[in-house]
Each structure stands twice: as structure tokens, then as C-alpha cells.
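Participant: Turn these sequences into a full structure, and let the hints steer you where they fit.
Line by line, the protein sequences give chains A and B. Under full-length UniProt numbering, the first residue of the first sequence carries the number 1, and numbering increases by one thereafter. Under full-length UniProt numbering, the first residue of the second sequence carries the number 1, and numbering increases by one thereafter.
Errors might be hidden in some of the hints.
A pair counts as met if it fits within one copy or between any two copies, since identical chains are not told apart.
Unchecked claim - Distance condition first, Cα-Cα at most 20 Å in a straight line; then the derived EDC-like pairs of lysine to aspartate or glutamate: (1) K242 to E59; (2) K148 to D122; (3) K242 to D94; (4) K330 to D232; (5) K148 to E212; (6) K97 to E127; (7) K73 to E127; (8) K401 to D338; (9) K148 to E125; (10) K73 to E261.
Hint data in this document are derived by calculation from the structure and do not stem from the laboratory.
Protein chains: 2
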Amino acid sequence: MTRTAMLAAALLATVATPVVAQADPVASAADAALTQDRYAWDFVEGVTTEVGPRQAGTEAEQRGRDWAVAWLKRNGFVNVADEPFEMDTWVPGDTHKAEILSPYAQPLVIQPLGNSASTGPDGIEAEVVEFENVDALRAAPDGSLEGKIAYISHSMTPTQDGSQYGFAGPARWVGAGIAASKGAVATIIKAVGTDYHRNPHTGGTSFPDGVEPTPAGALSLPDAANLERMFDRAQGTPIRMKLTLTPRRLGMTTSGNVVGEIVGRDPSLPPVLVACHLDSWWNGTGAFDDGAGCGIVAAAAKHAASGAQPLRTIRVLMAGAEETGLWGSKAYSAAHIDEPIAVGLESDFGADRIWRFESNFREANPALHARIASAVARFGVSNGTAVATGGADIDIARDQKTAIIDLQQDGTRYFDLHHTPDDTLDKIDPVQLRQNVAVWTQVVGILANEPGAILPR
Amino acid sequence: MTRTAMLAAALLATVATPVVAQADPVASAADAALTQDRYAWDFVEGVTTEVGPRQAGTEAEQRGRDWAVAWLKRNGFVNVADEPFEMDTWVPGDTHKAEILSPYAQPLVIQPLGNSASTGPDGIEAEVVEFENVDALRAAPDGSLEGKIAYISHSMTPTQDGSQYGFAGPARWVGAGIAASKGAVATIIKAVGTDYHRNPHTGGTSFPDGVEPTPAGALSLPDAANLERMFDRAQGTPIRMKLTLTPRRLGMTTSGNVVGEIVGRDPSLPPVLVACHLDSWWNGTGAFDDGAGCGIVAAAAKHAASGAQPLRTIRVLMAGAEETGLWGSKAYSAAHIDEPIAVGLESDFGADRIWRFESNFREANPALHARIASAVARFGVSNGTAVATGGADIDIARDQKTAIIDLQQDGTRYFDLHHTPDDTLDKIDPVQLRQNVAVWTQVVGILANEPGAILPR
Chain A
1 MTRTAMLAAA LLATVATPVV AQADPVASAA DAALTQDRYA WDFVEGVTTE VGPRQAGTEA
61 EQRGRDWAVA WLKRNGFVNV ADEPFEMDTW VPGDTHKAEI LSPYAQPLVI QPLGNSASTG
121 PDGIEAEVVE FENVDALRAA PDGSLEGKIA YISHSMTPTQ DGSQYGFAGP ARWVGAGIAA
181 SKGAVATIIK AVGTDYHRNP HTGGTSFPDG VEPTPAGALS LPDAANLERM FDRAQGTPIR
241 MKLTLTPRRL GMTTSGNVVG EIVGRDPSLP PVLVACHLDS WWNGTGAFDD GAGCGIVAAA
301 AKHAASGAQP LRTIRVLMAG AEETGLWGSK AYSAAHIDEP IAVGLESDFG ADRIWRFESN
361 FREANPALHA RIASAVARFG VSNGTAVATG GADIDIARDQ KTAIIDLQQD GTRYFDLHHT
421 PDDTLDKIDP VQLRQNVAVW TQVVGILANE PGAILPR
Chain B
1 MTRTAMLAAA LLATVATPVV AQADPVASAA DAALTQDRYA WDFVEGVTTE VGPRQAGTEA
61 EQRGRDWAVA WLKRNGFVNV ADEPFEMDTW VPGDTHKAEI LSPYAQPLVI QPLGNSASTG
121 PDGIEAEVVE FENVDALRAA PDGSLEGKIA YISHSMTPTQ DGSQYGFAGP ARWVGAGIAA
181 SKGAVATIIK AVGTDYHRNP HTGGTSFPDG VEPTPAGALS LPDAANLERM FDRAQGTPIR
241 MKLTLTPRRL GMTTSGNVVG EIVGRDPSLP PVLVACHLDS WWNGTGAFDD GAGCGIVAAA
301 AKHAASGAQP LRTIRVLMAG AEETGLWGSK AYSAAHIDEP IAVGLESDFG ADRIWRFESN
361 FREANPALHA RIASAVARFG VSNGTAVATG GADIDIARDQ KTAIIDLQQD GTRYFDLHHT
421 PDDTLDKIDP VQLRQNVAVW TQVVGILANE PGAILPR
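Facilitator: This is the structure:
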């Protein structure tokens, strides 16, 4: 299309949809991405099909990095690198079994939590004691769980903003540690999730200093419901379980952060950092969490630079080993703390549509905040008043106290899939994925062409 | 309620809903069941919680029979018995793994098909060759699969009447036998199902006489889609898989049919036989298939007799070992072939609403057919023109060439759950379950009070 034709098209478009400034190459690129982006799908289809699960610190994660490095180079990114770091690596092992022995013998579907200890291959047998939530567990007297398996039944309901994770998550995050400190031989939880499929949600748990890690696992929600019915029916008769989980610690292994750039016209300016994580739990293929996020940020970087070279460099960070302790994010910040970034953004909440824009400079740089909010409104994105804090993969933005933007994705079904075997490519809606890319293109394009400081000091 | 009050209520009801004959105790019982039935849920909740999976021919199935016998007695059935028969028993074993070795190394989720042979604990490694359907596999030259694993990718779409099972089912039913006859070392199929969860649909497969059984398994649909993308991307590079499936044959073991009766006023008349099956595949808890069906038929028998003792006996048959070869249905027919039944009906297609009534006496006994059709219309059940042929558990009705009724359940989501780990209690909608019980109560009540032959000779 010639420039004259573009202007004519822009005038026509202005009549039809007055918000869209088609002559602006960034806006044009965002509009095109909405219907035509292929980068994001290509990335997430590729990494889930050709690599699959990418458990942090393992050879599979290394294959994921090699794949991502090749993808970035093939798609025109420069300064592509795999920046290694060392991490303390946990792997799930092969045997994940929970079996009710009495009074209602039957197997239940379980998966270990990250950092779970092993029961050994022969498993352990113990009575299961139910707690409705972490507070009830905290209230149990010290030593009262000696020889018992603690079960935490705290439920989760879906929310668009994902805020229920904060409410339901502690059952997984700290439950096993609390139970272990009271003598429990193991902890099982109702998976922190909102679906009813027999695919448990794993995720990291942690044990306080001085508390020896115990075996810890998540039951799928149908299995948790079954166990709870057993408690109702047994009327005090002890429920005995055999639990066999065989995770292992590998000690220190090498992971890495994959980085790549679209170099700006003025490389001396602090870059725009767009981040995601490349590792996944072993049980899924890491499509929603977070292959899609890596596809989105890389696609946005490409599109934002498609019309004209941006002023600032756009740097993509595909962090390693997020799931098991934000190892990559911390390592990246440590390695690059002295290289100021202009702003940090992360995509790590699935692949459903972006519905709200937030920044941490609404007060400090209201003009820029308003300009971005206005530019993304045509994609159905509202102007949020919360202060953006960024995600797990942009520790460096918090450590540098720089500008942060959160592009909130719809999380209504995120916890149907989060950390489960069901986190597979088929769950991604290509239309919503492209809406993500369009919004990201718009935002990254504005930021990368902003001459002044994003967050004035 | 006095009889006068009942008549008054019936008159009022006639004004409001002219089709409903409230004074008819059967209709009243059916109406009450629609909102108040507790038997069906009690049965299916109980058997799934207190017994769980009931693989045919195993100790778990025996526990299921013991449980059902106790339930029937507790709920007032008489002549309750567990009628044993011998069967050739297959069990799934403990190891079910499929791993792509190259070019895109990653694990896939698989479960063995019934009658699958074992790979041995060390598994087998071979190239995978794709066939779009059974016809394509049939067209492969003899010997062309020597040393290969055949993969059949035939898809299934949901249908209300379940008819897609006939279209997609052969991939499972006969695919492995055909592949084995052409030299394949194993067969894997895209699970015959309509969901996208990583819970493969198992089910029986069979090998022709003279063809040695091979290992055979079903990939979940997300895994099948992943494998198909690998074929697209590999562009001819062989896809190699390591397959480890360790099912075993136990030889002859004892299973049984659980029976119980509501005795009629004239026990000399042939009874109404209502059937289901009590066994399930090992991987789910047999809620949809077929704990619900057993709950529905037992509940209907109770309700149909709740207003007044029926003329004919209502006999409940909870067949054993349906899934692995209709062993119970055949054994029941063999044992009882000389005891004429009036009519046979089966519930074995989930727990969603009944939408169509069919009989095999629409022509031979049009008055009764019309009466039943009219009586169930108020529950939203249409009058079907197909000739009822009955289900797997009522061989005796076909063998005796007696009357058969099919109460067709909505199968739109049946093949989301069929033969998967996801066949659990939470999938049952209590409202639709009660609609089943109401329709069954109405139909069984009419039949049990019919003085003449249902299917005149």
C-alpha cells in the first residue's frame, strides 16, 4: 500500500472507527496483529509440539532454550543469547500414587508438589486428617499430626482477575510446611484449581527453615470431592491412605535465561523489557503457562518494529526456572542490575483476552498513562486504577524501581488449566491470543518510541 | 392425602396441566420423582465413593456386587442375589507410558485398550505410522507394518443420539486387530471421545482368530493432536516412540450378576426387566458408565411400586462384566432363557436427560406404544419411530424375542467422559438424573400394570 493509499484508508477508517489512527505505524501494526499475527501461535505451537514439557533445571528445559534461541534468530531478533545460571533442581520422579486402604478402598489421582520429599518407592501408610483451610491447620496443636497425613480441603472459585489465587493458594504454598512442623508425615491438598478433571494442579510448596520437607501432593478436584464424601460417610472411622511419591533433588544444575533484541534507533536509551518464562511444570506442555506469554511478547516486539525502527531497543526476556522459585528472574536481575531498563512488562497469565491496563506511573506520568489507555481502548481494554506491580519474571523492574505495566489477561478459566497436564495447545483460543498480541503491540510500540523517561524520577 | 383430596388435586392439576393424570398413582410417583428422587443419587454416590472403580472380573467388581446387594436389600428389594459366572479376565497393569523418542522427544498420555497385550516392563521402541481411519489401515499392504506401531487418527464429533460412536468406534474396536494382522508390533489410536482433556478413553478392542494380540492403547485427544502436529512438522523424518503397557490376563475368574425384585400382585406373569451394568473400567469410578444407570433403574422400580403394588414383578438386573465382553448379559440370558420376561429396558448411556422413547412394538401394539408416548411427553420426551433394539445388558430380551423399550438419553457430552478417568460423580447433573428417574418410573409403572402381553405374538 502506498502512503497516499494508507492516508486515504486512514481517513476512511477514521470515519468508521474514530479512535483508530491508521496512519500511525504502531496503531496500524496493532490492528494488523489483531487479525493476522502468526508469530505468537507459531511460537507456542512450536515449543509445545517440538519440545513439550520443560521442567526447570532439566535437559528438557535446555532443549526449550535451544529451541527458543533458534526461533528468535530465525525471526530476526539480534543479540540472542542463553544466559546460564545455577539452580537447585527438583524433579517429580516416576511414581505418583494415592490409594485409600480403608474403609473405602480405591485409588485417587495425585501429583506431587514442587519441593515435595519422596515417600520412597514403597510408599507410606497413614491415617488422613482433614482441615478445611490453612487457618484450621495452623490451629492444630503442635505434635497433633504425628504420624498422620494432613489433608487441606480449601476450595477455589474462578475470578476474572485471578485474585482467588491469593485466597486459595496458601493451602499449596505453605500448607505442607505447617503440617510438617506439627509432625505430619505427609500433606495432601485439594488441588488449587477450578476445574473438575482428574488432572491435579501441581505447583511449588515450601518448608520453613528447620522443618524437614515431607512428601506433599495435590489431589484432582474429583478425587478431593470423593475423599471428602468418604469423611462424611466414615463418621469417624479412620481413613487410611497409602501414598507413594518419588520426587528427587538433583542438586545444582544449569538453567538459563533466553534473551533477544529488536535494536532501537538510539541504543543508548534504556530498553523496553518484555518478559515471560520458558520453563513449565513436567505434567503439561506449558502452552498457557507460559509458552503463550513468550509467543505474545516476542510477537509484539516484532510487530511494534514492523512499521518503522523504534527509538528504543525492545528486549525480550524468556526467563528460565520460574516455576520452581523464580530462579531466572532473580538471576537476570543480578546480572543486569546496572543496565537500566525504561519499563518492564510480563505476560504470564494464559492466553485469554486482555481486559485491563494498569501502570505504576498513572500519577507520575499521567499523560503517557492516558495516551496508552486511550490507544488500547479500541481492543476492549479498560483503564485500571490499580498500581502495576509486575509479574514473577521482571524482578529487575522492581529491583531498579522502574516503570511497570500490567496488561491483565482474563483469568476466568486460567485455574482450570494452571499447572495441570491439561495445559496443552488445544486450550489456546487463536482469536484471544491475537487480541493479546495486538494490545501488546500497541503498548510496546508506544513505549519504544517514547523519548522521555517513562517513570520520571 | 385422602382419596377425595387426591381426586380434587387431580382435577385441579388437570386444569393446570391437562396431560398429567395426578390420580394415577404411577403418574403421581413419576411427578414426585422428578423433584424428589433420592434413590438414584444415593446409589451412584454410594457406589462411586465407597467402592470406586469396578474392573470386570476383579476383587473390586466383587466389592461392587457386595455393595449393590446390600443397597438393594436395604432399600426393600426382595429375591436379591449375586448370580456368579466365570469369565476370562483382563486387567490393565500398572505401567502406561508412551514417549516420543525422536525427532521431538516428549511423553504422551496413553491408556491401554481392553484385551491389549503387554509390551513387557521394558517397553518397545518403534516407528509410528499414521492412518487417517480404519479404511486406510485396511488398505495397507500385508506385511507393510512389520516392526511398526500403527496410529489411527480417526476423530469423533458429539451427537445427541450417540450415533458417531458407530462411525468413530471401529478405530478402537477392530483397528488393533487389523494392524496386527499386517505385522504391526502395536497400535495406538486417537481416543474415541469428544473432549480435550488428558484423560484417554479406554474400551475393548478385539483381535481376529489366529491373530496374536499386540499392545494397544489410546492417546488422549490433546496428545493425539500433538502427535499429528509432529507428523506435519517432521515432513517424513521417522517418528519413533517408546511404548510401555503392562496389562495382564488373569485367566478365568468369577464375576456375577446382581438381581433383585419388587414382587408384583401376580408373580405368574412375566416380569418387567430393567437393566444396567455394575462393572466399570479401572480408570474412572463408573459414575456415568454405569453407576447412574443402576441408580436410575432401581429408583424407577421403587417409585413405580410406591403408590400401589404393581401387577407384574419388576426385576432389576445389575449385570457384571459388561465392559470387557457383555459376560454378564450373556450369562444372565443363558441362565434364565426359559423364564419369559414381558419386556426389557436398559439404562447405560450416562445420566443426562431422556429425550426420545422408542419401542419394538409400535406396529404390534400401537395402543400401548401410544399410551406410553403420551405419558412421557410431559417430561419433554418425544415419540421416536426407530425400532428399539435394547442395549448390551439385555441379551435375554433379544434372545427371547420379547418386547424392548429404549429410553434414549442425551449423549451430547457422553463421549466427553466415556471410559475415561473423568467418569466421576461430579459429572452427574442431579436435575437431569431425576428426569431420567421420572420418565423411567412412568414407563416401568405402565408396563408393570399392563395385564396383556406387551408384545403380542
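Participant: Could you tell me which of the numbered hints above are not met by this structure, giving the numbers in increasing order?
Facilitator: Numbers 4, 7 - these are the hints that the structure violates, sorted from lowest upward.
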